[in-house]
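Chains as they are written, first to last, in our numbering: chain A, 42 to 415; chain B, 42 to 415.
Take these hints with a grain of salt, some might be off.
Since copy identity is lost for identical chains, a pair holds within one copy or between any two.
Said to hold, decoys possible - Here are the simulated lysine to any residue pairs, SDA-like style, with alpha carbons at most 20 Å apart:
hint	residue 1	residue 2
1	Lys116	Ala333
2	Lys384	Glu273
3	Lys116	Asn332
4	Lys116	Thr236
5	Lys384	Arg352
6	Lys384	Arg199
7	Lys116	Glu270
8	Lys116	Arg336
In short, the hints are calculated from the structure, not lab data.
The chain contents come next:
Number of protein chains: 2
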Amino acid sequence: MKAPRFELLARDGAARRARLRLAHGTVETPAFMPVGTRGAVRGLGPGELYDLGTELLLGNALHLLLRPGPEVLEKHGGLHAFMGWDGPLLTDSGGFQLFSLASACRPTTPEGVEFRSPLDGARLFLTPESMLEWQERMGVDIAMVLDECIAWPATQERARAAARRTLDWAARSLRARRAGAATAVFGIVQGGTHTALRTACARALADLEFDGYAVGGLSVGEPRALMLEMLEVSLRELPGTRPRYLMGVGTPTELLEAVRCGVDLFDCVLPTRNARNGQLYTSAGVLRLRNAVHRESLLPPDPECACPVCRTHSRAYLHHLQRSGELLSARLNSLHNLYYYQKLMRGLRAAISTGRLEQHTATLYAGWERGTLC
Amino acid sequence: MKAPRFELLARDGAARRARLRLAHGTVETPAFMPVGTRGAVRGLGPGELYDLGTELLLGNALHLLLRPGPEVLEKHGGLHAFMGWDGPLLTDSGGFQLFSLASACRPTTPEGVEFRSPLDGARLFLTPESMLEWQERMGVDIAMVLDECIAWPATQERARAAARRTLDWAARSLRARRAGAATAVFGIVQGGTHTALRTACARALADLEFDGYAVGGLSVGEPRALMLEMLEVSLRELPGTRPRYLMGVGTPTELLEAVRCGVDLFDCVLPTRNARNGQLYTSAGVLRLRNAVHRESLLPPDPECACPVCRTHSRAYLHHLQRSGELLSARLNSLHNLYYYQKLMRGLRAAISTGRLEQHTATLYAGWERGTLC
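Could you put the whole structure together from the sequences, leaning on the hints where they help?
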């Protein structure tokens with residue numbers, strides 16, 4: 042296995058500007074990954090994602106195992122060809138879906154976890170080894186280890202058991218790597234909101250030779266200050282020479298704060314989910330398209346934005362589409378929000394490169410605080 | 042008012058190849074208009090529609106009157122700016138929605154029709170004059186007169202009353218035209234499936250100075266042979282020097298047959314509606330994406346198609362998106378179907394120009410008959 046090259050280009054405080062070379066291309070970090078759980082980002086095709094500045098996409102190994110399944114993906118020669126995306130791909134293992142969702146008291150053994158397919162009721166037994174092998178077979182650039190992600194709040198006992206299992210599974214995942222596979226493997230720090238557990242988990246993972254490290258189990262309901270505290274606790278123990286990925290986070294302000302803590306990679310459903318609800322992220326805070334105040338507005342959603350939506354459409358038109366339940370509404374709103382996220386990351390990369398992150402942070406907040414904070 | 046120039050370029054049998062110059066551009070005919078009832082085509086933006094070869098789009102004057110309403114459209118300077126589409130636009134008056142839909146026994150007087158907004162219960166009284174004025178104010182290239190469209194089957198008495206009212210309203214619409222307006226006005230032939238009524242209605246309309254003529258009230262449930270018979274009866278009486286538009290029709294075979302009868306313009310929701318149901322139009326007939334036979338297929342939807350979807354995606358991927366209920370499914374399927382319709386029209390135009398329409402017709406049927414006829 043050839044480790045991906047992670048090249049640190051600049052620092053500004055704890056923030057890092059770096060370049061991650063993967064099997065299918067290079068990712069400039071800090072970077073944001075749009076979410077394509079089932080091999081598709083909501084309403085956007087691969088060419089459009091590329092045009093928005095996307096360099097890395099996220100899929101979900103568990104979802105793709107259930108449907109379309111291994112035969113179909115192998116016939117296509119992997120997930121890239123199946124999706125029509127030839128840039129870098131990362132898959133989450135499905136730990137979050139297995140453990141933290143509503144129906145999630147799974148029969149778990151030290152060996153793995155039993156799971157019944159919601160699609161056809163088929164019973165599956167998933168192990169760290171089988172989920173790593175599946176991700177390698179899909180040919181993704183980055184595979185995440187199978188972890189045990191717990192709900193918040195959790196007792197120390199529960200959090201400790203999950204962190205211990207996550208560590209054990211992480212070590213087994215590394216041993217299961219196929220020699221020569223082009224897929225990088227990232228470990229995941231768990232430990233709930235317990236400082237000692239986070240520290241111990243991160244330290245133990247750091248001793249293993251992962252290509253990168255993720256911080257998982259955050260932004261699951263805990264207050265934002267606690268989330269950032271647990272993030273810092275986790276990052277402190279991780280090697281500075283490897284990429285760091287904060288899973289499932291977050292809003293623009295959360296991304297900004299996490300970048301300032303030294304996070305390199307992000308994914309989140311918010312830009313596309315909120316797009317469907319008519320919430321746009323802008324340089325002047327959140328714009329709620331359904332509000333009657335936009336009914337006759339000729340302004341573009343964000344006068345400071347150069348995205349295809351802002352260059353073409355008025356708030357009144359987008360308000361009309363949202364109120365009319367037009368399919369085009371979700372699409373245009375998603376295009377804008379994902380463009381906004383990519384622009385935010387570009388701005389952060391440039392600010393770190395030139396040592397102007399504090400100044401840039403103040404400018405971003407000054408804008409957002411003109412309206413509802415993003 | 043400056044009449045649009047309609048230039049006949051070639052004939053092949055009854056079929057016509059022509060060029061229609063409108064206020065916002067030129068339309069090569071026979072042409073197909075995608076349907077953007079409320080100012081948006083399902084899931085596709087204006088730039089994409091243009092890229093697919095669209096030269097004329099359809100909106101609905103009644104829907105747009107209810108929402109967003111006159112103030113919003115006037116603030117934008119008309120429907121073009123509101124939609125972000127600067128090419129030719131045609132609006133239907135809403136006669137079909139007023140009269141032929143389920144709840145459609147409207148209180149109608151010789152003067153006009155009373156209508157209660159389904160959005161806010163507001164009571165509106167619509168007249169041929171007010172609907173023409175509204176379309177002119179929106180700045181569309183072609184306005185349709187307010188007509189009375191009846192359900193099928195209808196008694197001769199009912200059909201006669203509707204045709205008579207349609208004729209009366211057509212004459213009033215012409216008198217209501219604003220001097221100097223750039224909006225062309227089309228009359229609509231009604232008469233149900235009664236030959237004598239159709240003939241009389243078309244003949245009377247032909248005596249009025251319309252910029253073009255539509256055949257309405259067809260494809261509302263009657264057998265296809267009867268539809269084509271009524272179409273021919275209607276067309277026979279219309280002046281050959283003006284464009285002819287068959288409203289709300291149809292499948293690829295119906296378009297082909299109607300072109301052979303001498304129709305120049307079409308609109309229909311089928312390519313986008315069937316896209317959402319997973320039905321793709323192809324050179325080998327209808328492809329039903331949900332069928333299990335496509336689960337592992339690496340073939341593009343239509344191996345003879347050069348659209349962005351067929352160049353990038355397999356049937357298996359589109360099957361997966363459809364089964365997963367992904368937003369991207371409707372979008373990709375719509376892109377393909379609208380591309381297919383525009384390609385069909387391009388092929389028909391070329392065949393008429395070169396006098397090869399019969400040969401081309403045979404080729405199209407031979408392809409479609411390999412599968413389920415389109």
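Each hint tested on the structure:
no.: 1; hint: Lys116 x Ala333; verdict: between (50 Å within a copy, 16 Å between copies)
no.: 2; hint: Lys384 x Glu273; verdict: neither (25 Å within a copy, 57 Å between copies)
no.: 3; hint: Lys116 x Asn332; verdict: between (48 Å within a copy, 18 Å between copies)
no.: 4; hint: Lys116 x Thr236; verdict: neither (46 Å within a copy, 57 Å between copies)
no.: 5; hint: Lys384 x Arg352; verdict: within (15 Å within a copy, 29 Å between copies)
no.: 6; hint: Lys384 x Arg199; verdict: neither (40 Å within a copy, 61 Å between copies)
no.: 7; hint: Lys116 x Glu270; verdict: neither (45 Å within a copy, 50 Å between copies)
no.: 8; hint: Lys116 x Arg336; verdict: between (50 Å within a copy, 11 Å between copies)
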